[in-house]
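Engineer: If you want the building blocks of each chain, they are given just below.
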Amino acid sequence: MKGENLAVLISLGATDLLVLLVLVFMPIMRRERAFFGVRVSREIYEGIGKRILRRYWLCLVATFLAFAAIGFLTSVYRRNFLYAIVSYLLTLLVAFLLYASFAREVRPFREISDTKKFATSLNTRRLADYTHYALEVVIVLLTIAPVFVLIYYYPTIPERVPVHWGFNGMPDRWAHKSFSTVFFLPVLALYMQSWFLVLKYDLVHAKMTLPAQQAEVYLAAKEQLIVASMRMMDWIRGLIAGLLGLVSMFMLLATNESLRHWMPIANFLVWPFVGLLLVVSLYYIYRFMSINNALEAVTGNSNVQRESEAEKWSSGGLFYYNPNDPALIVEKRDGLGFTYNFAGEGIRLRMALLALVPVIVLWAVLDL
Amino acid sequence: MFIVVDEEDRRPIYQQVVDEIKSLLARGQLKEGASLPPVRQVASDLGVNLNTIATAYRELQREGLITIKHGAGSVVSSRNSGDKSEDELRKPLRGALTQFKLYGFSRSEIMNIVSEELRGLLKGAR
Chain A
1 MKGENLAVLI SLGATDLLVL LVLVFMPIMR RERAFFGVRV SREIYEGIGK RILRRYWLCL
61 VATFLAFAAI GFLTSVYRRN FLYAIVSYLL TLLVAFLLYA SFAREVRPFR EISDTKKFAT
121 SLNTRRLADY THYALEVVIV LLTIAPVFVL IYYYPTIPER VPVHWGFNGM PDRWAHKSFS
181 TVFFLPVLAL YMQSWFLVLK YDLVHAKMTL PAQQAEVYLA AKEQLIVASM RMMDWIRGLI
241 AGLLGLVSMF MLLATNESLR HWMPIANFLV WPFVGLLLVV SLYYIYRFMS INNALEAVTG
301 NSNVQRESEA EKWSSGGLFY YNPNDPALIV EKRDGLGFTY NFAGEGIRLR MALLALVPVI
361 VLWAVLDL
Chain B
1 MFIVVDEEDR RPIYQQVVDE IKSLLARGQL KEGASLPPVR QVASDLGVNL NTIATAYREL
61 QREGLITIKH GAGSVVSSRN SGDKSEDELR KPLRGALTQF KLYGFSRSEI MNIVSEELRG
121 LLKGAR
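In order, the protein sequence lines correspond to chains A and B.
So that you can map any letter, position 152 of the first sequence is 152 in my numbering, and since no number is skipped, the others follow by simple counting.
So that you can map any letter, position 15 of the second sequence is 15 in my numbering, and since no number is skipped, the others follow by simple counting.
Heads up, some of the hints might be wrong.
Computed list of lysine to any residue pairs in SDA-like fashion (alpha-carbon distance at most 20 Å, straight line) [as the list claims (entries may be wrong)]:
id, chain 1, residue 1, chain 2, residue 2
1, A, Lys117, B, Met1
2, B, Lys31, A, Arg125
3, A, Lys312, B, Glu7
Rough simulated footprint, nothing fancy, chain A against chain B, three-plus residues with beta-carbon under 8 Å [claimed, not checked]:
id, stretch
4, 6-13
5, 36-44
Selected chain A positions facing chain B (Cβ under 10 Å, derived; list incomplete) [claimed, not checked]:
id, residue
6, Lys116
7, Phe118
8, His205
9, Met208
10, Glu309
11, Glu311
For the record, the hints were derived by calculation from the structure and aren't laboratory data.
The C-beta atom is built at its ideal place from N, Cα and C for all residues, glycine as well.
Let the sequences and hints guide you as you build the complete structure.
Structural biologist: This is the structure:
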């Protein structure tokens, strides 16, 4: 096996391990407030909880050794990627099933919440209040313009086109010219931007659960969370629009004599976008955690749920299905982030949008 | 500005919402022309059925306190409830006072309770 292939195998394995690590720490991120997504008493958490957790960790390690490690070695021995990729996917599937089954085990220890009085703010939350129109115009331009540019230059693009570039900006994979090879990136950009817009709209209307006691403190924190989410979305939307707009032009720049001298500049410009995307993501994860921690320091809990709703989470707080809840997006039980109510009105539209992923992938792979 | 709903209260949820909004109107915290959040937002924050909040809004509209415009939301149209006569308004008060008397409260105790409630209600009122 070539060194390059080995590097790919190892980096895929590292990604696998990273996802596994998230599953390792997910049950205890908010300690007894969301142990496997279930609120339990401190005694349970420190007594029987510790034993359950140790057993869970042991199972995860065993899973990793049994699937990922063996798959990796088989791949190296047989010189075939497939073994490793299948085993990595199996590891994640089994790890997820383990998480769900341990969550089921913890469920009977659930502590019943005594909060019965809830408040709601009379301020209307609107997407328009979190929209900067100049930014929207820029995003639309960066997303739509490459389509027209590529349509205009399509006849001049040669039969053999580069479809992948190395770190130095030199093409390292080629394909024959077709609609899917030329327009894949602009279509992907359009698709991603539609999703971001839907997500932003949904997040503004996320459910805000405010216990009547200390409603002001909760409201202030939840509004901060919404503002932070909106800013993060705007940064990511803008950066993705810029990045994909730029990369969409690579094929044109590399194959057109009169434009070729722009290629090094375009290639260099990719890195600030990638770097900023990373920085922005990390900063906002930190921001969300600090808002939740500040709320927890004052109130003792950053996420209060009704008894009737606590029942509706499955797989240890990963899925929420509650036909009696009119909300479409709710805060996750383990603290960080939001998730869909899979019984909410409008969920079909979102799932249909999600189902377009395989359609786009098939379109690119089958080269239609 | 908040409205609070208590799952253990014996009044139905829609009635609690109506009463909460009325008390904000009485205190002058909700002014004429102020808009109320959409039914869906209130319902999802409070974790109750959409119809519950829609019923509350309709009740407020029936009493002439808000105007519901389809697609444009609900707006406070008046801080004064409709056209009930003084006698009609007195009836529930009479009922409540009778209860206090039957439970053995003295006249001065009842007076204290009434003025305390009134003070609470008008806190921040103009």
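Engineer: Taking the hints in turn, state whether each one holds.
Structural biologist: For each hint, the structure was consulted:
1. A threshold of 20 Å between alpha carbons decides the hint, and for Lys117 (chain A) with Met1 (chain B) the separation of about 16 Å falls inside it, so the pair holds.
2. Proximity of Lys31 (chain B) to Arg125 (chain A) is assessed by CA-CA distance (about 19 Å); at most 20 Å being required, the pair is judged to hold.
3. Taken as a hint, the Lys312 (chain A) and Glu7 (chain B) pair is honoured in the structure, with Cα atoms around 18 Å apart against an allowance of 20 Å.
4. With 3 residues having a beta carbon nearer than 8 Å to a beta carbon of chain A, the stretch 6-13 of chain B meets the requirement of three or more and the stated coverage holds.
5. For the stretch 36-44 of chain B, the assignment as covered by chain A holds, since 8 residues bring a beta-carbon within under 8 Å of that chain's beta-carbons and 3 suffice.
6. With a least beta-carbon distance of about 4 Å to chain B, the hint placing Lys116 (chain A) at the interface is held under the 10 Å criterion.
7. Against a cut-off of 10 Å between C-beta atoms, the interface hint on Phe118 (chain A) holds, since the closest Cβ of chain B lies about 6 Å away.
8. Below 10 Å, beta-carbon pairs count as interface contacts, and His205 (chain A) has one with chain B at about 7 Å; its hint therefore holds.
9. With a least beta-carbon distance of about 5 Å to chain B, the hint placing Met208 (chain A) at the interface is held under the 10 Å criterion.
10. With 10 Å as the threshold, the beta carbon of Glu309 (chain A) comes within range of chain B, its nearest partner Cβ sitting at about 6 Å, so the hint holds.
11. Among the interface hints, the one on Glu311 (chain A) is violated; its C-beta lies about 12 Å from the nearest C-beta in chain B, farther than the 10 Å criterion.
In summary, the structure is inconsistent with hint 11 from the numbered list given earlier, while agreeing with all the others.
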